[in-house]
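Note that the protein sequences, when read in sequence, are chains A and B. Numbering follows our numbering, in which position 256 of the first sequence is assigned residue number 256; successive positions increment by one, without gaps. Numbering follows our numbering, in which position 46 of the second sequence is assigned residue number 46; successive positions increment by one, without gaps.
For the record, the hints were derived by calculation from the structure and aren't laboratory data. Here the structure is a predicted model, which means the values were calculated and not measured. Treat the hints with caution; some may be incorrect.
Said to hold, decoys possible - Covered, in the sense of this in silico footprint (three residues per stretch, anywhere, with C-beta under 8 Å from a C-beta of chain A), are these stretches of chain B: (1) 1-14; (2) 30-44; (3) 59-65.
To be verified - Below, a list of computed lysine to aspartate or glutamate pairs in the DMTMM-like style, where the Cα atoms sit at most 25 Å apart: (4) Lys68/A x Asp242/A; (5) Lys371/A x Glu154/A; (6) Lys312/A x Asp21/A; (7) Lys328/A x Glu181/A; (8) Lys371/A x Glu59/B; (9) Lys371/A x Glu57/B.
Every residue gets a Cβ at the ideal spot worked out from N, C-alpha and C, and that includes glycine.
Here is how the chains run, residue by residue.
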Amino acid sequence: MNTIRDRFPFFSHNPHVVYLDSAATTLKADVALQALNEYYTSYSVNIHRGMYPLAQKADLAYHASRKKIAHFLNAQTPDEIVFTKGATEGLNLLASSLGQSLINPERGVLTSVIEHHANFVPWQQIAKKHNAPFQVALINPLTMTVREICDEFEKNITQDTAILALTHISNVTGTVLPIQEIAHRARQINPHIIIVLDMCQSVQHMSIDVQQLDIDFAVFSGHKCFGPTGIGVLYGKKSRLDNLLPYQFGGDMIYEVGLSQSSFAEAPSKFEAGTPPIAQAISLASALEFVQEIISSDCHNNLKDLRAYCVKQFEKLFPNDVVVHQSKHLDSCAIVCFTVNRCHPHDVAHMLGEQNICIRAGHHCAQPLHKHLNIPSSCRVSLSVYNTTDDIDNLMQGITRVITQLS
Amino acid sequence: MTLYHDTIMDHYRNPRHFGCSKFKASASSSTHNPSCGDAIKMQIYIYKGKITRICFEGEGCALSIASASLLCEYTKGKLLREVQSFDEETVLHLLQIDVTPARTRCATIGLKALRQAIATL
Numbered sequence: 001m002n003t004i005r006d007r008f009p010f011f012s013h014n015p016h017v018v019y020l021d022s023a024a025t026t027l028k029a030d031v032a033l034q035a036l037n038e039y040y041t042s043y044s045v046n047i048h049r050g051m052y053p054l055a056q057k058a059d060l061a062y063h064a065s066r067k068k069i070a071h072f073l074n075a076q077t078p079d080e081i082v083f084t085k086g087a088t089e090g091l092n093l094l095a096s097s098l099g100q101s102l103i104n105p106e107r108g109v110l111t112s113v114i115e116h117h118a119n120f121v122p123w124q125q126i127a128k129k130h131n132a133p134f135q136v137a138l139i140n141p142l143t144m145t146v147r148e149i150c151d152e153f154e155k156n157i158t159q160d161t162a163i164l165a166l167t168h169i170s171n172v173t174g175t176v177l178p179i180q181e182i183a184h185r186a187r188q189i190n191p192h193i194i195i196v197l198d199m200c201q202s203v204q205h206m207s208i209d210v211q212q213l214d215i216d217f218a219v220f221s222g223h224k225c226f227g228p229t230g231i232g233v234l235y236g237k238k239s240r241l242d243n244l245l246p247y248q249f250g251g252d253m254i255y256e257v258g259l260s261q262s263s264f265a266e267a268p269s270k271f272e273a274g275t276p277p278i279a280q281a282i283s284l285a286s287a288l289e290f291v292q293e294i295i296s297s298d299c300h301n302n303l304k305d306l307r308a309y310c311v312k313q314f315e316k317l318f319p320n321d322v323v324v325h326q327s328k329h330l331d332s333c334a335i336v337c338f339t340v341n342r343c344h345p346h347d348v349a350h351m352l353g354e355q356n357i358c359i360r361a362g363h364h365c366a367q368p369l370h371k372h373l374n375i376p377s378s379c380r381v382s383l384s385v386y387n388t389t390d391d392i393d394n395l396m397q398g399i400t401r402v403i404t405q406l407s
Numbered sequence: 001m002t003l004y005h006d007t008i009m010d011h012y013r014n015p016r017h018f019g020c021s022k023f024k025a026s027a028s029s030s031t032h033n034p035s036c037g038d039a040i041k042m043q044i045y046i047y048k049g050k051i052t053r054i055c056f057e058g059e060g061c062a063l064s065i066a067s068a069s070l071l072c073e074y075t076k077g078k079l080l081r082e083v084q085s086f087d088e089e090t091v092l093h094l095l096q097i098d099v100t101p102a103r104t105r106c107a108t109i110g111l112k113a114l115r116q117a118i119a120t121l
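Chain A on its own, in the form it takes in the complex (with noise of 0.2 Å):
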């Protein structure tokens, strides 16, 4: 019988890993893979002025691909959705060009603690360039409530923030935010402020309705979706990507260029300068076909079970020994962030890959997180589709290996 393990080719060339890193990145699935090396291999040719069958066939996919992703968002039209290099881009573009229009010493950004320093570090360093307020909201991502929540981010929300960037699930400890009840908090005290939300996390496991969240902009990354490397997706309501400044200048984002002066194409074209990721954008579209797959299946309810089946091994196993850092009272997903008492989150991880499961420490690209928690850095363990009981029962065994090694 197929399993969905069987959609991932990763498996074929490694049986015996364990792989427990899929908030890093996940594996490839197979639909993915072919778009990509049906391209790569039998229409591999530059989109836009070609007028040649091929080039039409390049232009009519790499087209199609923007449609789909939109669906899959929600997005009311296709001219809503960039293609990046990744969230990280399409962050660093958000925070580049709002910061040029709509930062200034009066209006400034509210972030979160909990951010995955590619959601933070943009934010920090144009609002110091435009010597702009920069206020963090410090969420408790484990003891707080939805209500206490809300409050921190209300209480740090006045007319003058221009900008709130959040995070929709915490990278390290798998926090799901409640986004809908902090942007209507939001929108309540100061209309004209701009939500932008990190999807990172959330693509890979939730129908995603960028409508009914009620922001203005969104990130995430392909490779974090089943997808490939190199790209990712700024979605942007359509008004705002309008109003929004290039990021970067050069061929196919221009209307016409002249000696002194140049004009440039609507969003999303705007963009998007030079040639863009082609094979990339045909196949995250057919990763996030497979996402749809999975998400009206029942692996996303078995996906909360598993994560469910960890959390108690390790409560059950290891009572003394290790302390799993989740959220009290609010939703988490697919991650198992935890820490092994007189073991080194380092030493854990590397005695774990030397049994051919991977697993990730250190800070995970949150250390104001980390700081905020009082915990130096963190072991964490993320799940996805095609793990089973099995990974995690030989994840306990090499729990059990790493304590007597190093105790």
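We have chain A already, so just place chain B on it with the hints.
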């Protein structure tokens, strides 16, 4: 080959020259690795151009503690000018392992502390 071979585990469990002195050192330093919170403090005592005493203390992973311990053992009794030429290769040779980029900071935190201390002279 495992990174956690007997020598590394021995120096991790029983680090040599561990514990700083209350007596004023010729040079000292404190360094940390922001990627994991590891922190090491090191003191060196110099007499007639030679490192006569060296000690360190701090918290870290097995690799960072073992590498600082091995480095202190290797440094003691050497001329300052010899120690000034120590580099990453010196440490890796002492550890008898190849270190991946992800663990280089762990393996070299002791070297960083030693260099910082010498730089204050």
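**Given hint Asp21/A paired with Lys312/A - CA-CA distance at most 25 Å** = holds (19 Å)
**Request:** Measure nothing beyond the straight line between the CA atoms of Lys371/A and Glu154/A; if it is 25 Å or shorter, mark the hint as holding.
**Result:** Holds - the C-alpha atoms of Glu154/A and Lys371/A are around 23 Å apart, at most 25 Å.
**Asked** Given the hint that Lys371/A pairs with Glu59/B, does the C-alpha gap stay at or below 25 Å?
**Response** holds (16 Å)
**Prompt:** Is the Cα-Cα distance between Lys328/A and Glu181/A 25 Å or less?
**Reply:** Within the cut-off at roughly 19 Å; holds.
**Given hint Glu57/B paired with Lys371/A - CA-CA distance at most 25 Å** = holds (22 Å)
**Asked** Taking 8 Å as the C-beta cutoff, is the stated coverage of the stretch 30-44 of chain B by chain A satisfied by three or more residues?
**Response** Holds: 5 residues of the stretch 30-44 of chain B have a Cβ under 8 Å from chain A.
**Request:** Verify the coverage statement for the stretch 59-65 of chain B against chain A, using a C-beta to C-beta distance below 8 Å and requiring 3 or more qualifying residues.
**Result:** holds (count 4)
**Message:** Check the hint pairing Lys68/A with Asp242/A against an upper bound of 25 Å on the C-alpha distance.
**Reply:** holds (21 Å)
**8 Å C-beta test of the stretch 1-14 of chain B against chain A, three or more residues** = holds (count 4)
Hint compliance for this structure: no hint is broken.
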